[in-house]
Structure formats: C-alpha cells, structure tokens
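Residue numbers (full-length UniProt numbering), protein chains in the order written: chain A, 1 to 418; chain B, 1 to 418.
For the record, the hints were derived by calculation from the structure and aren't laboratory data.
One or more hints might be untrue.
The list treats identical chains as interchangeable, and a pair is accepted whether it falls inside one copy or across any two copies.
As the list claims (entries may be wrong) - Capping the alpha-carbon separation at 27 Å, the derived lysine-lysine pairs in DSSO-like fashion look like this:
| hint | residue 1 | residue 2 |
| --- | --- | --- |
| 1 | K375 | K313 |
| 2 | K364 | K324 |
| 3 | K313 | K131 |
| 4 | K28 | K218 |
| 5 | K313 | K345 |
| 6 | K218 | K324 |
| 7 | K94 | K189 |
| 8 | K388 | K131 |
| 9 | K131 | K174 |
| 10 | K2 | K218 |
| 11 | K144 | K271 |
| 12 | K375 | K388 |
| 13 | K45 | K343 |
| 14 | K115 | K189 |
| 15 | K45 | K131 |
| 16 | K343 | K313 |
| 17 | K234 | K144 |
| 18 | K313 | K2 |
| 19 | K324 | K115 |
| 20 | K324 | K94 |
| 21 | K198 | K45 |
| 22 | K2 | K45 |
| 23 | K388 | K115 |
| 24 | K375 | K94 |
| 25 | K174 | K28 |
| 26 | K198 | K115 |
| 27 | K2 | K271 |
2 protein chains.
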Amino acid sequence: MKAEIITIGTEILIGSILNTNGPYLSQKLTDAGYDVEYHASVRDKYEAIRDAIETALTRSDVIFLCGGLGPTQDDMTKQALAHALDLPLIFDEKQWDYIRNVSMSFSKNITENNKRQAEFPEGAVVIPNPKGTAPGCMLNYEGKQFFMLPGPPREFEPMADDIAANYLNPVHGKNFITSLRLVNIGESKCESMFREAKIETENVEINTFAKTGEVEIKVIAHAEDEAEAEIIEKEYVEALRALRELFSEYIYGDGERDVFETLVDCLAEEKFTISFAESVTGGNMAHMITSVAGASNVLHESYITYSDEVKEKLLCVNPDTISKDTVVSEAVASEMSLGLFEKTKSTYCVATTGEAGPESATGKDVGTVIYSIRKDGEEVLRESRMYKDDRTTIQYRSSKYILARILLHELGEAHGRE
Amino acid sequence: MKAEIITIGTEILIGSILNTNGPYLSQKLTDAGYDVEYHASVRDKYEAIRDAIETALTRSDVIFLCGGLGPTQDDMTKQALAHALDLPLIFDEKQWDYIRNVSMSFSKNITENNKRQAEFPEGAVVIPNPKGTAPGCMLNYEGKQFFMLPGPPREFEPMADDIAANYLNPVHGKNFITSLRLVNIGESKCESMFREAKIETENVEINTFAKTGEVEIKVIAHAEDEAEAEIIEKEYVEALRALRELFSEYIYGDGERDVFETLVDCLAEEKFTISFAESVTGGNMAHMITSVAGASNVLHESYITYSDEVKEKLLCVNPDTISKDTVVSEAVASEMSLGLFEKTKSTYCVATTGEAGPESATGKDVGTVIYSIRKDGEEVLRESRMYKDDRTTIQYRSSKYILARILLHELGEAHGRE
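Work out the full structure, taking the sequences as your base and the hints as a guide.
Next comes the structure, spelled out in structure tokens:
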C-alpha cells in the first residue's frame, strides 16, 4: 500500500518551522506495513493544495493532508480536497457544538470563523481531536483513503496514533515488529556491530534510528500468509534473541517508555528517591524527571547551583578545592554530590559541573561535563566527558547520558537482586 | 522566482531522520528573495527521482536536489537528472583526483564505486564540498537552474551557504522583511486584531506563525525596481508602525532572540538576578534560563521544591497555610517567593505551585498553575491559571508564560526608566 503525506503550511516552506509531523506519521505507517513513497509540502494556497492532491491521486493509495484546518482564511485544506474530489462541504451541527464546548474549556474565544472547522467533505468520517478545536476526518474515495489532520504537533501526534490504531485499512498478511531502545552507544557503532554479527536475514529487516542521545533498533518482518508466518516468526524470534544478547549492556527497554519514564518507574518500584545539584546541566536533569507522571514519588527536592558561592553555601564545597582544582573538576563534582546527600539524604544524589559555552568562563574546554553519582551516600559513578555541540545540545545530551547511566546502573543492581 | 527543494532518501520517507536540510535551505532562499513553493521527498529510486524532476520542471525556476550523491548503487540523483534532461554524464578527471585526496585525508577507503562521484551531467559547474567526498554541482538548463547537494547536514549546510552567497541568480528588485515576536496572545486573536485594523495592503503581506506559547508576525514586501521600492517602503514602514502600536503590550522583540534570550539580556543589562522555587514547573523555568549563553550572570541558584516538607524546610512556608489553603494556593505561592527572597536576595524571585497531573494529588484541578513574582522582595505579580494540556505541555506553556510576564513587566519598567 503506497502512502503519501502532504504537509500544508507556508511556515514549512519558508523554513520557519521543522516538519516533525511527516517523520512521526511515516514511522507509524512503516510500522503498520505501509510503504510511504512521497512527502510533499505546499504553501497555504488553494491551487497548490489542490494540485498536490491531484498528483497524489495518480500515484498513492492512502493520502494524508496535514495542516490547514484552522479557523482562519488561510486554512483551506478541506476546501481544496472537496474541490479536487468534486464533493460539497457539509456543515456538521454536532461538531460545531463540540468545537464550542472545547473552545470554552480551553478558555478560548470562539468566533464565526471557527464555523469553518465544523465543515467536512460529504461522506467524511470525523476523527476527534482531543487536544484542540480542529477535528480531523477520513474519507474513502474511489478506492483511495484520505485523512486530514491538524498541523500543531501536540494535536497531530495523538491523532496519528489514533489513526494508526483504528482507521487504517489493514495490510494483508502478518507483520512482526519490535523496537529495542539503546542508550550510550552511537548509531554507526550499533549498525556495524549487528552487520558483523550477520543477524539480518532475507526475511528479517533491521533498521537503526538515531535519536538525540539514543538509538532505536527496529526489527521488522512481514509474512504474506499463515504458513509463511510460521517460518518467518522463527527467524524473527532468533534475530531478536541475538540482538538482545549482542547489545545487552546498552538496551534499557523495548516499549513506548523512554529513558526518563523507565528510570522513574525503576526508582518508584524500590521506593528510592533522587536529587540533583546541577551546574552545567542547569536544571535539565531535574526537569526530565519531573516531566514524568509520578515524579513526585521519587523527587522531593533538587538544586541548581550555578555560582561558586552557592556551591559553597548550599553544598558545603570546600573553597580550597575550587581554588586548587577549579570548579570544573571531578573533585568538586564529588564534593557537590556529597553535600547534596548530607542535605537531602536522597537514595541517588547526582551532581554536575562543566562548561556549556559558548565561551569558557573557567578556562576549561567548552563541552566538558563532569558528573558524580552517589547511591546511599557512596559514590558509584564519576566521569569527565567532552561534547562537541552547542550549549543546548551539550546540556540535553549530557543530561540524558547521565540519567541513562543511573538507569543502567539500577537495572544492573535490580538484576543482581533478582 | 519559484524555488523547489527535492530531498532524496528512503530514511526520510520511513521517518528514520528529520529533514533539516529543507528548512535550512528554505530560510536561505526566503532571505534571498526567492519564493520556495514546493518541498518534495522521494525514496532512493531511479523512477521516483526522475518523476520528481519532471514535475519540478513544469512549475519551478530553481530546483534543488538534495541527497543521493554518495558512492553506492542506491545513490542515483545525478543519473536521474541526466536522464530527465537527456544529457550525458561526463567523468571529470580533476574531480576524481580531488575525491581521492579528500578520501585519504578523511582516512576513508576509496573504491571504484567512488568514481561515480566524479561524474557530472554535461555542462554542470562543480561546487566544492569542503566536508566530504561528494561534490555538488549547478546546471543551467532552458532557463531553469538546477543544484545538486549531498544529504548529510554537516556537508549540506556549508554548501547551501556557499550557493546562497555565490551561485544564485539575484532576484531583481528589493525585498523588505521583518519579524515581530509576541507572547501571551493566541494566533487567532492576533490575526483577527490586525485584520480588523486593516493593516495589510496590496503590497505588504502579513503572516502569523504560531509557536508553542508564542506568535510570530512576519511582514513581507517586494518591490520590482527602485521607483516602486520608494513607494512600497513607505507602506511597509507604516504597516510596521501600526502593528507595533496595535500589539504593544504583547511584542517583546523583532529579531532572532527568543523570550528567554531577551529576558537574560534585559536582566543582565540592569545587573539583576533571578531565582526560582519551582513546584509544578519542575525546573523548566530555571532550565529555560540556563539554556541561554550568559545565564550565569543572572542566575546563581534555583530550587525545585516538590514536596510539602521541602517547601517548609527550605522556603519557610508556614505548615498552617498549607493545611488551611492547601499547597496549591496563592497564599502558598506567595510565601514560597518570599522565602526564596529571604534565602537568595535575588532581584526577581519566582515561585510556582500547581497540579500538572495526570492525576490530581492535591484535590485541585489538573492544569492549575499558580505563580508569584517578587521584585526586590515586593510581590509584583500573582495569578492562578488553568491549562488544558498534558503534563509536559502544562509545564512548558506555563513556564514560558511566566517568563514572558516577567519580561513584559521588565520592559514596561525599563520603558518607565527611559
């Protein structure tokens, strides 16, 4: 089944925003066994949208139109689709009630303009948008399937999940798919390791996806019928087993839970707590933890100790250590995590110091990140690392790396406890 | 001049990587006065590339082909272009020498396959690639201009800069472009306000772009020649003036600096400091500040005070206030910011409490965010707000909102000081 994703929005064409919806949906479709053959982006112009739809009709089976469902004059995706397919737009009273209610609950003003959002091409099935006022819809037309979704990613992503789970026509045969999630390994090392181990077979495809500070290995197989499925499943299970063995020290999970969620789960299960004393990471680690539901069970307090004075005042770092080793040193990191433990008595106490740039304020190289991790007061990990990135990326990558180290450490210990 | 960007690479279509080249080049082209009308992405398939080129020929003046210039069999962009234009591929001995030298300097093995990288369609001008083995090229063909660039962003971006500076045909006439950046207003209210005020003219185009917690207004005009430029510039300046007046309470800047950068600049200029006591925002505000270069001048210390006990211990919140008003209350927020001021003496002391969900731990509605802002110890702003979002978005939007309130307050005061 050939799929095409058409993104509508002048802001994409002038480079004002990154198109993250395309890749998000592409992954979902690939997982569902579809072949995404085309991405196209056009401006908020009626003719451009209509032409893109007409081209898609000649070459694709399933066509997604993303964006241009807002209430304003330059939102005209539905109008263009209705015209391209020669269908009338029908005003849906029930949807209009819904939009008014949603707008009120978001404390947004509703205007006559919003009525456009309650119009749909004749025959369309409305797809609810739990995060905004623009509903999506599905339309079957001469053997083709059309979907329309709103552009803002926070509305788009849950709807793409919904469509993948509930609206797509099933691809015939049987699909096998598993994602393994790895940290603290690069994509290219990962790829050369599994290629060398010759784990891929004719029927079992292995793809790697680099995400910031993380690699995903996707294992995919497709069987045309039951008989083939039996043979292929064996190959598939064997490939998975081999991959899990090969990457045992890097794999932290195989589901939807990310590093942060998995870490919070792990700590909560053992009734452990965690606190941070962040200098170079500037609150990023604490924030990664507090963004997880249930974080309040494991994080009660955390500190951003940016200046030398605050490190001394709050964490009892010895001023002599700072003058002797500079503030960007393993000795200071270690004293910071110790001071943090004395103050908080948290199970895990994590301290960072370093130089995020763009200029070095300390004489140490920009990109230096030093961390110290204590468990029950004992230092279990300490390391100095170097990142060749910009400020934000240094903070993000090092924060994720350190949290991943804690997770892998904890998984190792949990394994020992079993 | 209509520009089209065709990206070649199966990894884009299956959602394995984000396409950052498209937006990068789009910005360069927009700034140069080009109209980027189409983005298209296709797999590493000969026919798909050729079809995309043929479509582009019918609608665009300048066509960029990005990716598929590598040495392997699935790199066939040049072959597809040569075929689409009916031109032979010519082996270039000089480029072959260059590629061999570059490969050696990168310690890469060179194979017979790499010879493909020294072939170019007849008449092409080679564009050097300082970061890799795949040279780019430019080709003029029947009034159209073609560019081919390699896919990896670290090779692509410097070459895109080079093309924008040295190879593009100049757009005749003169371009005017300004971005106004607004906070604490929705896109749809923003649009209806300037439409009502009838600020847009035939020559001056106004676009709004919604970003999370922010709106950008882009004002664009184009004059064909000097005489027209004189007239249009007047209209353009008048439209800008009217927009600045209409949105004076929302505009925080007009350049590349975002809310966080502008706030850090503002505070640093006055030698002000800022500290946070974050509960519901979980470190997000502090992190937004520390992600800005130079943050260490304005933020020395900051706290994440998640549990009731820590609010009492660290910020001297009265336990009676918590039992009387609950922890999610304006009274507690106000005591938190006061305790924070006593502790840090920072110019701005900002405290948050609330309920980020997904379940309510306090009985207050999920999405409640209460903040208190003190300047020199005096409470200048306090507010209780409601967000209908998921946990991460509640944290992000409320953090940005509160920082924007501080910025607008400070800009107001700075205006008063002038």
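We went through each hint and held it up to the structure:
1. Both within a single protomer and between protomers do K375 and K313 lie at most 27 Å apart by alpha-carbon distance, with minima of 23 Å and 23 Å respectively.
2. For the homomeric pair K364 and K324, the shortest alpha-carbon distance inside one copy (14 Å) is at most 27 Å, but the shortest distance between copies (50 Å) is not.
3. Proximity of K313 to K131 under the C-alpha cut-off of 27 Å is found in neither arrangement, the shortest distances being 45 Å within a copy and 38 Å between copies.
4. Proximity of K28 and K218 under a CA criterion of 27 Å is satisfied intra-copy only: 12 Å inside one chain copy versus 34 Å between copies.
5. For the identical chains of this complex, K313 and K345 are neighbours both inside a copy (18 Å) and across copies (14 Å), given an alpha-carbon limit of 27 Å.
6. Neither within a single protomer nor between protomers do K218 and K324 lie at most 27 Å apart by alpha-carbon distance, with minima of 49 Å and 52 Å respectively.
7. In the homo-oligomer, the alpha carbons of K94 and K189 lie at most 27 Å apart only across protomers (25 Å), although the nearest pairing inside one protomer, at 54 Å, exceeds that limit.
8. Taking the shortest Cα distances, K388 and K131 sit within 27 Å of each other only across copies (8 Å), while inside one copy they are farther apart (38 Å).
9. With identical chains, the CA atoms of K131 and K174 are never at most 27 Å apart, being 33 Å at best within one copy and 42 Å at best between copies.
10. Taking CA atoms no more than 27 Å apart as the test, K2 paired with K218 passes inside one copy only; the shortest distance there is 19 Å, against 37 Å between copies.
11. Proximity of K144 to K271 under the C-alpha cut-off of 27 Å is found in neither arrangement, the shortest distances being 53 Å within a copy and 62 Å between copies.
12. With identical chains, the CA atoms of K375 and K388 are never at most 27 Å apart, being 29 Å at best within one copy and 38 Å at best between copies.
13. In this assembly of identical chains, K45 and K343 lie within 27 Å of each other by CA distance neither inside one copy nor across copies; the values are 60 Å within and 56 Å between.
14. In this assembly of identical chains, the alpha carbons of K115 and K189 lie at most 27 Å apart only when taken from different copies (16 Å versus 53 Å within one copy).
15. For the identical chains of this complex, K45 and K131 are intra-copy neighbours only, at 26 Å inside a copy versus 38 Å across copies, given an alpha-carbon limit of 27 Å.
16. Both within a single protomer and between protomers do K343 and K313 lie at most 27 Å apart by alpha-carbon distance, with minima of 12 Å and 11 Å respectively.
17. When the C-alpha separation of K234 and K144 is checked against a cutoff of 27 Å, the pair qualifies neither within a copy, at 34 Å, nor between copies, at 51 Å.
18. Neither within a single protomer nor between protomers do K313 and K2 lie at most 27 Å apart by alpha-carbon distance, with minima of 63 Å and 61 Å respectively.
19. For the identical chains of this complex, K324 and K115 are neighbours neither inside a copy (69 Å) nor across copies (45 Å), given an alpha-carbon limit of 27 Å.
20. Taking the shortest alpha-carbon separations for K324 and K94, neither the intra-copy value of 72 Å nor the inter-copy value of 44 Å comes in at or below 27 Å.
21. For a Cα distance limit of 27 Å, the shortest separation of K198 from K45 across copies, 21 Å, qualifies, whereas the shortest one inside one copy, 49 Å, does not.
22. Within a single copy, K2 and K45 get their C-alpha atoms as close as 25 Å, and across copies as close as 14 Å, so both meet the 27 Å cut-off.
23. For the identical chains of this complex, K388 and K115 are inter-copy neighbours only, at 22 Å across copies versus 50 Å inside a copy, given an alpha-carbon limit of 27 Å.
24. Taking CA atoms no more than 27 Å apart as the test, K375 paired with K94 passes in neither setting, with 57 Å inside one copy and 49 Å between copies.
25. Proximity of K174 to K28 under the C-alpha cut-off of 27 Å is restricted to the intra-copy arrangement: shortest distance 16 Å within a copy versus 44 Å between copies.
26. Proximity of K198 and K115 under a CA criterion of 27 Å is satisfied inter-copy only: 22 Å between copies versus 58 Å inside one chain copy.
27. Within a single copy, K2 and K271 get their C-alpha atoms no closer than 48 Å, and across copies no closer than 59 Å, so neither meets the 27 Å cut-off.
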